[in-house]
Amino acid sequence: MRRQHVVLLDRSGYDAYRHPDGRPYLDPEQYDVTLVTLPEKADGPRPGEVARVITVNVLDPVEIMDALPELKAGPPVDRVVAAGERLLVPAARFREALGVPGYREEQIELFRDKTLMKSHFAAQGIRTPRFTEIERPLDAAGLLAEYGTVILKPVDAMGSVGVHKVTSRDQLAELEESGFGHQGRYEAEEFIDGVMYHIDSVVQDGRAVVAVASRYLDPNSVFPTGGQLRSAALNPGRERDVLLEFNSRVLAAVPWFSGVTHHEVFLDRSGTPVFCEIAGRPGGGGIVPLFKDRFGINLYLATLLPQLGLPIPEIQEIQPPERRFGGWSIIFPPELGPLRPHHPLPQEDWLLDLTLYRRPGDVLEAARSVGNGVAAVAVVGPDAATVTERLDRVKAAFTFDQAPSATTPTHEGETR
Numbered sequence: 095m096r097r098q099h100v101v102l103l104d105r106s107g108y109d110a111y112r113h114p115d116g117r118p119y120l121d122p123e124q125y126d127v128t129l130v131t132l133p134e135k136a137d138g139p140r141p142g143e144v145a146r147v148i149t150v151n152v153l154d155p156v157e158i159m160d161a162l163p164e165l166k167a168g169p170p171v172d173r174v175v176a177a178g179e180r181l182l183v184p185a186a187r188f189r190e191a192l193g194v195p196g197y198r199e200e201q202i203e204l205f206r207d208k209t210l211m212k213s214h215f216a217a218q219g220i221r222t223p224r225f226t227e228i229e230r231p232l233d234a235a236g237l238l239a240e241y242g243t244v245i246l247k248p249v250d251a252m253g254s255v256g257v258h259k260v261t262s263r264d265q266l267a268e269l270e271e272s273g274f275g276h277q278g279r280y281e282a283e284e285f286i287d288g289v290m291y292h293i294d295s296v297v298q299d300g301r302a303v304v305a306v307a308s309r310y311l312d313p314n315s316v317f318p319t320g321g322q323l324r325s326a327a328l329n330p331g332r333e334r335d336v337l338l339e340f341n342s343r344v345l346a347a348v349p350w351f352s353g354v355t356h357h358e359v360f361l362d363r364s365g366t367p368v369f370c371e372i373a374g375r376p377g378g379g380g381i382v383p384l385f386k387d388r389f390g391i392n393l394y395l396a397t398l399l400p401q402l403g404l405p406i407p408e409i410q411e412i413q414p415p416e417r418r419f420g421g422w423s424i425i426f427p428p429e430l431g432p433l434r435p436h437h438p439l440p441q442e443d444w445l446l447d448l449t450l451y452r453r454p455g456d457v458l459e460a461a462r463s464v465g466n467g468v469a470a471v472a473v474v475g476p477d478a479a480t481v482t483e484r485l486d487r488v489k490a491a492f493t494f495d496q497a498p499s500a501t502t503p504t505h506e507g508e509t510r
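Take 95 as the starting number for the sequence shown in the working numbering and just add one per residue.
Rather than coming from a laboratory, the hints here were simulated on the basis of the structure. Note that the structure is a prediction, hence the values are computed from the model and not measured. A portion of the hints provided could be inaccurate.
[Said to hold, decoys possible] Restraint-style ranges between C-beta atoms, simulated for each label pair:
#1 Glu-164 to Thr-493: 46 to 52 Å
#2 Asp-443 to Thr-226: 46 to 52 Å
#3 Ser-213 to Glu-442: 42 to 48 Å
#4 Ala-136 to Val-316: 20 to 26 Å
#5 Ala-267 to Gly-116: 52 to 58 Å
#6 Gly-236 to Val-194: 43 to 49 Å
#7 Glu-442 to Glu-200: 45 to 51 Å
#8 Glu-200 to Arg-301: 20 to 26 Å
#9 Met-95 to Asp-456: 47 to 53 Å
#10 Val-194 to Glu-123: 20 to 26 Å
#11 Met-95 to Glu-408: 23 to 29 Å
#12 Gln-201 to Arg-221: 30 to 36 Å
#13 Gly-116 to Gly-242: 52 to 58 Å
[Said to hold, decoys possible] Below, a list of computed lysine-lysine pairs in the DSSO-like style, where the Cα atoms sit at most 27 Å apart:
#14 Lys-135 to Lys-386
#15 Lys-386 to Lys-489
#16 Lys-166 to Lys-135
A virtual CB, placed ideally from N, CA and C, is assigned to each residue, including glycine.
Given these sequences and hints, build the entire structure.
Written out as structure tokens, the structure reads:
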């Protein structure tokens, strides 16, 4: 039987696409794999797992297309897959250039371009903030005059990079002088006075197979030194019901989509849900390990399956009630300067996952986005209050020996 030729666009290394026992998601007995990845990630596959590796700067949307001539010169391609947000649009462009099935660029842009997504969902009756695309800060003056407070943010960035909350024309004038602080297109939108939540879903044909609604316990647009960004799953009740129903309406507006979504929503002061944005990939922080622990599915596998033309498997709760609620925290640099080893953390079975983003010796600067965290922590518990208390216990124990000195830039992280 002929194996399907699958092109995988990757930035994380091939170990990101394995089952717990080490087997690759792309079984070499079923798939003839071409891996398109960064040069430093080329040695990730084990012998026999991939047929060919093409190295290119996959982080640049122009340079990644340099892989296309080699792909066209090789065996016919059946599928192109990707899990990282920055690679979803390039994957769509590869599909169109190679004539293979799967999501097209205009579809994926609804999950990447914040102006296109709000226009699309607003047209489907979803409440979204009023917005306008801007070329310079003062272009937002009209919206500011109407609402009193506006948010300026990049159209296609993630992790709250380059976001500005503006409450006066003087602030706009200052930004006019200093610049946005991030390259690319910008939008201005109405500030929603309320609380932000996120709903993480595994989706089949525009319907949530499973969805978890969580509340951000800290602002996700500021990154204080010594602080953290926490999130905890909601207890049963009206708040959760309203969010899950709204999430279902949003997903129904993209009935062609299967995979994974990370959907951010406001509840305004009246309790009415307002769309913020949605991504067609797994959320960051501890969302992936929490889903794996609670439902037994890796969200990166769930992202790839529909791109391979395969259905989402049946998903069920696999944990007892005392472990069905989860929460996560991204811990920001405790101080500025070289990072020394952290002190031991609690040895508790509810401490599900600890991922270190910085190593001892790394020089830390003030965080500029969610991706500048030092570590991510995931915990489980029987309810939201217990989860929150456990997150705070870990943060209190997560202390470092520090030797402050001059700072140098760090790289911003991102979800695969």
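A quick look at each hint next to the structure:
A hinted range of 46 to 52 Å holds for the C-beta pair Glu-164 and Thr-493, which are about 49 Å apart. The supplied range of 46 to 52 Å is met by Asp-443 and Thr-226, whose beta-carbon atoms lie about 50 Å from each other. A beta carbon spacing of about 46 Å between Ser-213 and Glu-442 agrees with the range 42 to 48 Å that was offered as a hint. Between Ala-136 and Val-316 the beta carbon distance is about 38 Å. The supplied range of 20 to 26 Å is therefore violated.
Range check, Ala-267 to Gly-116: Cβ separation about 57 Å, and the 52 to 58 Å hint holds. In this structure the supplied range 43 to 49 Å holds for Gly-236 paired with Val-194, their Cβ-Cβ distance being about 44 Å. Under the hint 45 to 51 Å, the C-beta atoms of Glu-442 and Glu-200, about 47 Å apart, fit the expected range. Taking 20 to 26 Å as the suggested C-beta distance range, the pair Glu-200 and Arg-301 conforms, at roughly 22 Å.
Against the hinted window of 47 to 53 Å, the Cβ-Cβ separation of Met-95 and Asp-456 comes to about 48 Å, which satisfies the hint. At roughly 21 Å, the beta carbons of Val-194 and Glu-123 sit within the given window of 20 to 26 Å. Range check, Met-95 to Glu-408: about 26 Å between beta-carbon atoms, so the 23 to 29 Å window is met. As the Cβ distance of Gln-201 to Arg-221 is approximately 23 Å, the hint placing it in 30 to 36 Å is violated.
For the hinted restraint 52 to 58 Å between Gly-116 and Gly-242, the CB-CB distance of approximately 55 Å keeps it satisfied. Proposed proximity of Lys-135 and Lys-386 is supported: the alpha carbons are some 25 Å apart, at most 27 Å. Pair hint Lys-386 plus Lys-489 holds up; C-alpha atoms about 23 Å apart against a cutoff of 27 Å. Between the alpha carbons of Lys-166 and Lys-135 the distance comes to roughly 22 Å, so the proposed pair stays at or under 27 Å and holds.
Going through the hint list in order, the structure does not satisfy hints 4 and 12.
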